[in-house]
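*Asks:* Spelled out, the chains give:
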Amino acid sequence: MAAEGGAMKRGARRAGHAGLIGFFVIFSAFPFYWMLITTFKSTPDLLKRGNNPFLLNAPPTLEHLKVLFYDTLFGQWIWNTLLVGVVVVAITLLLAVPAGYALARVMGPAGEKLGIAIFLTYLVPPTLLFIPMSRIIGDLGLQDSLWSLVLVYPSFTIPFSTWLLMGFFKAIPKDLEEAAMIDGLSRFGAFVKVVIPISVAGILTTVIFTLTLVMQEFVYALTFITAARSFTVSVGVPTFLVHGDVYFWGSLMAGCFISSVPVALLYNFFVDRFVVGFTMGAVKG
Amino acid sequence: MAIVETRDVQKLFGDVRAVDGVNLATNEGEFLVLLGPSGCGKTTLLRMIAGLEQPSSGDIIIGGQVVTALPPRARKIAMVFQSYALYPHMTVGKNIAFPLKAQGTPREEQQKRVQRSASMLGIGHLLHRKPRELSGGERQRVALARALVREPAVFLLDEPLSNLDAKLRTSARDELQQFQRQVATTTIYVTHDQVEAMGLGHRIAVMDSGRVRQLGTPQEVYHDPADTFVATFLGSPPMNLIEKPEYSLGFRPENFLPREVYAKDGHLFALPCRVTRLEYLGSDRLVYGVTEGKLEGHRVISKLPSNISVFMQPGERHEFALPEKELKFFDPRTGLRAAPRAL
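Protein sequence lines, in the order shown, are assigned to chains A and B.
If you read the first sequence in this note's numbering, its first letter stands for residue 1, the second for the next number, and so on.
If you read the second sequence in this note's numbering, its first letter stands for residue 1, the second for the next number, and so on.
None of these hints come from the bench; they were simulated from the model.
Every value quoted in this text rests on a predicted model; they were computed, and no experiment measured them.
We treat Cβ as the ideally placed atom computed from N, Cα and C, and that holds for glycine.
No more than 20 angstroms apart at the CA atoms, straight line, and that leaves these computed lysine to aspartate or glutamate pairs for DMTMM-like:
hint, chain 1, residue 1, chain 2, residue 2
1, B, K325, B, E243
2, A, K174, B, E53
3, A, K174, B, E159
4, B, K94, A, D175
5, A, K48, A, E63
6, B, K76, A, D175
7, B, K328, B, E243
8, A, K170, A, E112
9, B, K264, B, E254
10, B, K244, B, E296
11, B, K325, B, D227
12, B, K101, B, E151
13, B, K130, A, D175
Sample of chain A residues facing chain B (criterion: CB under 10 angstroms; computed from the structure):
hint, residue
14, P173
15, K174
16, P197
17, V200
Go ahead and model the full structure; you've got the sequences and the hints to work with.
*Replies:* Structure representation (structure tokens):
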């Protein structure tokens, strides 16, 4: 009896697990499924009310992709976004890595408070900041240039990344740096040769987060840039594929799908693998 | 090889005196143990010698040179951390080669010296593994090999055995001692474990509240404790201490035996006890009791080796005694050792 009860309990627990996992899988995968299926649906199929919206009711079409790539500058926008993304990531790492390390290790207890204060600046919304920022961009003569975004984006990526990296650096055992300093390196040498290689996980996470922040930014990109050739994906797609109250759903979804899948893959392949257990074995265990 | 010396070294953390005026000097090639309870300042003292902590005042001298202002890398020291601090992203071979690489040693020379120190510690077959693939004992050896490889003037070891299980610790202690005697490099070893301290050290500095209470050979600190702290910190169980207004009287549990064990004509100090509890520990029996007679009412412990089979049970009164020369007297106010007196 007792064994039977135990087996039932185990079964119930397993079913509960599966149910929960199933829920989250559907929750996370559904938007991608929706984007994908809409990309290939013909417009009549999309708009006809009686159709099952979750399935293809008519043969698939490449019409929407054609519109996206031939009737808009989508390729150029992707390129612009990547360019801004890469440059902003580089600037962010260059400043946030030393800043995060200094806050975690050199500043002592004040570092923690300063770190939080820096993070708070990230919370000031761009809808407030874009007005003064646009004055600065105007004065610098950077309107319609991607460089305006390269200049402004670090104002929110650096605080966020500094705070994120501070946490990663704090988790690295101090002994490792001290050992490196005794083994013949300066503090800076220990930082470059020991701390940074061990923090690959954290730095990669920062890269992905920064890239995501840049890709989804809308307000600055919309305000500073009016020339279609210089748009980023987040501005170009809604500007060109929504005409008044006419939505080009197929092409919109195709644009979203193409720009979100690489980020989703990055998250899946890297963050998981690097974050867990990388420093295991460094200290007792 | 070098002599390490600390001169009036102090370290303040806010109002706390972590190290309070320590004067120590090692001998050439000596194994010196800093022993004390946690928070006594022993690790802080070691870290100041390493250069990881700056003294608030005083000087550190290594090999005749004042190194107080020098960074750790310029002190010709090697340190083994409690956590071993192996670089997790490097193989064992690269971990060991790290100090040589940092010094800019030529590659072939690096290879040769890594091989030599790895084979000395019996880890030659592990050079391609990562630290996380090693057992605790193996990690400890890698840390030692990394310390050894650059032939430092001084080894600093911070509780390197405390992460090993009890069985491994005994063999590691043995190996560590052989290793130190073999390389004959001055070694300063921090521990809170008195067995390690007694077993390993040429001399032991017993520390408490940031001060060195006594510096001496294991025999000296055990048999001739300088004060009541040293007397009660060393020994398991610790020294019995009977505190009277005029004097404090100390004696070791292993000397405090049933009267009949001693020969009749020895110079004995007799002390009857009422037995309250017995503990059987295999190799020994611990007898807990309360003194009677003229020193009435003090809790004492007697440690009987298993070859003394005197029958005893709780509640009964028994005659105990110890050789008079084993009585240690202390000043009850200062706790310092005092001259013997008649009882």
